[in-house]
Structure formats: C-alpha cells, structure tokens
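One letter stands for each residue in the lines below.
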Amino acid sequence: MTTAGMGSRNRAVVAVLLALPLVYLLLVYIYPIGQLLYLSFRDLEPAYDTDEFIGLGNFFEIFGRSGGWGHVLRSFLYTGICVSASFVLGLAFALLTTAVEEAFAWPLHTALRQVIITPMIFIPAAAGVMWTFAYTEHYGWVNHLLALLGLSTYPWLVSSAAFYLVMLTDIWGWTPFMYLILLAGLQSLPREPLEAARVDGAGTWESFWHVVLPMLRPVILIALTIKTLDTYRAFDYLWIMTQGGPGTISTTLTIATYKTAFMELKLGKASAYGLVTMIFPLVVVNVYLAFAQRREA
Amino acid sequence: MARSLRWRLLLGLLVLLVSLWSLFPFLWYFLVSLTLPGSIPRSLALPSTLTLRTYAAVLFGGGYVDVGTKVSIIPNVINSVKVAGMTVALCLALSVGAAYVFSRFRARALRVAFNGLLIVRMTPGVSLAVPIFLMMTQYRLVNTHVGLALVHTLLSLPLAIWLMKGFFDTIPPELEEAAAIDGASLLVALRRIVLPLAAPGVAVTACFVFLASYVEFMFALILSRGGINTLPLAIAGYKSEHQVFYNEMAAASFISMIPLALFFFFVGRSMVSGLSFGALK
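Order-wise, the sequence lines are chains A and B.
Position 267 of the first sequence, counted from 1, bears residue number 267 in the working numbering, the numbering being contiguous throughout.
Position 261 of the second sequence, counted from 1, bears residue number 261 in the working numbering, the numbering being contiguous throughout.
To be clear, the hints were calculated from the coordinates, so they are not data collected in a lab.
Hints are not guaranteed to be accurate.
What the hints assert, rightly or not - Computed footprint of chain A on chain B; a stretch qualifies when at least three of its residues, placed anywhere within it, have a C-beta under 8 Å from a C-beta of chain A:
| # | stretch |
| --- | --- |
| 1 | 86-97 |
| 2 | 164-171 |
| 3 | 226-238 |
Said to hold, decoys possible - Label-pair distances were calculated between CB atoms; the ranges are:
| # | chain 1 | residue 1 | chain 2 | residue 2 | range |
| --- | --- | --- | --- | --- | --- |
| 4 | A | GLY150 | B | ALA203 | 50 to 56 Å |
| 5 | B | PRO173 | A | LEU77 | 28 to 34 Å |
| 6 | B | LEU9 | A | PRO218 | 44 to 50 Å |
| 7 | B | ALA109 | A | GLU137 | 58 to 64 Å |
| 8 | B | ARG6 | A | PHE291 | 17 to 23 Å |
| 9 | B | PRO173 | A | ALA105 | 41 to 47 Å |
| 10 | A | PRO218 | B | ALA203 | 27 to 33 Å |
Claimed, not checked - Only some residues are given here: those of chain A computed to face chain B with a beta carbon under 8 Å:
| # | residue |
| --- | --- |
| 11 | PHE104 |
| 12 | PRO107 |
| 13 | ILE116 |
| 14 | SER271 |
Even glycine gets a Cβ: it sits at the ideal position worked out from N, Cα and C.
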C-alpha cells in the first residue's frame, strides 16, 4: 500500500498515529538536544548563580585541564576490550553448544544454554554490587580463593587493576547476549555448504574459518554494532563498582559527564561533555545506515 | 570423530569450565544471601547454617534478624512496578499505531523517520541527562513516578516500534483489505483485525519495555530524591561509605531477579536475537 491509495479519512488517521510518537520525541528528545547544544556554550552553575555565554570555553576546559582525551581514550579502551572479549567468548560458547548438541544424545546442550545465559537474569545494578563484593579484601571470594592458593589478599577495586575488573564484570554480564545472537545465527545456517566442504576434505578448523565465519558475517556485524554502542555508553557497572576511581583511572566519558553534572554541578560543562559523548554513536549509526542503503541499492 | 570418547571428555571439561565461569560468582552470592546479616563466610568453605531469615527481613522489615538495616524493600518493589507499568502504558500508546503505519505503508519520509529512530536508540542517555534533569525540575516532575516513566519511555520507544512493526509484518494484509472494501476505516482494521492477531507480539513488546524500565539505573538515580527509589537504587543503596549490608544486598539482588528469570526462561530465549535483528533491519 502507498500513501496515495487511501482516502482522506485514513490519511488523517495515519497522520495522528505518526504524530503521537513524533510530538513526544520533539518534547523529550529533540528539545533536550537543542538545549544541550545551547548549554554547552554556557557556564551554568546554579550553586554559584552563574549563567553566562563563554563560547567554546567548556570544550577548552574539557580537553585542557580536565583531561578529556583521557576520558575519550578510556571510553574506547573499555568498549574495545569488552566488545571483543564478549564476542570471542560468545562465539566460543555458541560453538561449544553446537558441538555438545552433536556429540551427546541427551539434551546436555539445553542445560548448557540455560547455564550460559544465567548472568543475564541479574539486573546490572545487582551484578555490579555482586562483583564489588567479590573483590573486597576480607569478605570476597576472589580473595578467599587467593588465600587458598597461598597468595596475599588485596582490596582490588581500589587498585590500579580496578578499570579492568569492571570490564571483567561487563564481559561476564554481556557475553550471554552475544552468545544468544551468535547461537541463533549458527543454528540458522544452511547445512549444505558445510557438508560440501567436508566432502571436499576440509578439516573442522578450515570449514569454520572459510565456510561458517563468512556465512555468519551479517549476524556478526549486527551483533558487534549494537554491542559496541551499548558498551560505549555503559554506566551502571562503572558507577556502582568504582565511581570512575580510584582517582580517574576508570573515568570514561559517560562517568565524566555524570560526575560533572551531578557531583560538581557544572551543568554547562557537563552539557559539553554530553555533546562530546554523542559524537561517536552518531558516526557509527550513520556509517551503518550508509552501508545498509548501499546493500539495498 | 563427532562421538569419540576423547572428544566427549574434552567437551565435558569445557562445559564444566563454562559453567564455573557463569555460575560460580552467582552461587557464592546465593550462599551469602542464605546467611544471617553480619555473618559472611570468611573462606570458600560452605557456611555451617543456612537460613531464609535475611530474605524475610529484606522483604518484610525488622523482627526476623537481630542486626542489619531491617528496612523492607517492598516500597521499592512498588516504585519499580509503578514506574515500569506507566512506562509500558505510555510506550505502547505512543508506538502501536506508528508501528502499524511503518508496517503497512511505504514512503520516503517513513524510511527517514524509521532510520531516525536508530539515532534516538543509540544516543547515550547520559548525554541527555542535564537537559532532561532541568526540564523535569522545571515541570516539577523530579521525584515523581510519572517523570521517571516519561524518560524510560524514551529509552524503549524505538525498540517498541521496531518489535511491533516486525510482528505486524507477519500478519497478511489481505484481511484488512477485505475489511476496507467493506468500508472499515484504518483504525477499525487495526483494532478489530490486526491487534487481536498480533496480541502475543504486543505482549512480548510490553514485557521488554517493562524490563528495560525495571533494570534502568542512571535516570532513576538522577530523578529520585528518595521518594521513588526503584529496586536497582535500593540494591546499590545497601552500600554506603560507612557500612555495607552484604547479606541483605545479596538477598535483595536475588529477589529482584525474579521477573527477569521468569521472562528469560519461559519467553525470552529466542526473542533476544529477534530483538537485535529487528532493531537493525
């Protein structure tokens, strides 16, 4: 059906149905974005009654004194490590599940799948406090385990390893998501190319590398795109486990934006941070759309 | 080779390792929730006594334990359900019709709008935090359930539209065309024909929207002044600078898990992948 082929009454209905989310988005999305742009050029600190135009001042401050490049770098580090690790683990778990399904007559693979997706049923805040707890010096199981091995215990989340330990939590929590997508992808692959490869004498590794992976590529691309953007804006684990610390070693752009806004109460500078944080997702989405359009054309 | 004994042993070993990685942190935490406040296992050994009294204290407040916070999380559960319920109502009201239009009509403007939703979905929430906080302050919506639901709706709206468009796409348009010939308007066709057929899909969408609001942490943190503390805030709140109530925290974590566990084990397994594909198709 096209818009030309309907009566005027239906055209009005369509307009109203579309207007509902549009008006909402104008109020709760477009207008705030406009305000974000406006505020990022201002020094707005309600606590000191300041509210004035300062041009690019906020941006100069962010990338000068505030160590903004460090935040950018840590955002990418966090995203890069978490996404690649949960992708590799997710793929490995998915392959293991299919292998188990082939090797055992009884449904071990169903149990395995439930076990693997278990981290998903925890709300992120709960997973965050659970892992915080695990790393505490006297009570956490990580240190119990180290003590059992004869090693010394340590309050890990105030150490220089803190940032990586938060990443580990993220990987633990999000691998199931990658796993489910990749497993669905694997199970929907046609069998014929694999059998053809086997007949031609390809080994397990060769047929995985040259047959399975290329066929899985669209699925992988989508999974990686979503996961990258979701990880880039991660907040819960970082805030609950380290609040960006110790010092600033786990302060990503997200955490910096939040802290500047709601702890330092510098709303203008926080808006500038917010704007900087938006750049990367915008670029990724537009690249993705360009690719998708070319594929259609 | 696929069934040789050595191959099976190797697989079994890997299954064991994977299970340890997924389950061990979880099981240890579960044990902690089964011990009394103040008594945390000091080694990896199994605690000598297991009890449900911490759960009782977390749910119903003091009286069940001697030490600890003795604060019930029931008010937080109510806050969470209220906010999530409002979010579902608002989100579905805004998105059902649009999803239907996206499913049935082709036009360049619709294509652009549909892509625009992707940008909305991918915008980091924290970027909008300051303007949204100012707006909520201005309209006195800080610390209200409606205010938080208005924001949570934004987080789920694009997904709700994509998901429901996907469900509507699976319903053949011939039925509606027949109804249109009989003089039924678009709205009647949507309500009488499409919605009843797509009801399971709409229900699944509602579940997703509900859970997305249920687990959301940052905007709840920003917009609550104590009056609308949702479950994630309550759980994180067991840890303060001075004291951490580990056992209560663990029990509350497991209680908060129930809706997600039900959803994933009964409905959601196959949906997660559909969810992401719908999102970027």
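Do the hints match the structure? See the list:
no., hint, in the structure
1, 86-97, "holds (count 4)"
2, 164-171, "violated (count 0)"
3, 226-238, "holds (count 6)"
4, GLY150/A with ALA203/B: 50 to 56 Å, "54 Å, holds"
5, PRO173/B with LEU77/A: 28 to 34 Å, "49 Å, violated"
6, LEU9/B with PRO218/A: 44 to 50 Å, "35 Å, violated"
7, ALA109/B with GLU137/A: 58 to 64 Å, "59 Å, holds"
8, ARG6/B with PHE291/A: 17 to 23 Å, "44 Å, violated"
9, PRO173/B with ALA105/A: 41 to 47 Å, "45 Å, holds"
10, PRO218/A with ALA203/B: 27 to 33 Å, "29 Å, holds"
11, PHE104, "7 Å, holds"
12, PRO107, "13 Å, violated"
13, ILE116, "6 Å, holds"
14, SER271, "5 Å, holds"
Hint compliance for this structure: hints 2, 5, 6, 8 and 12 are broken, all remaining hints hold.
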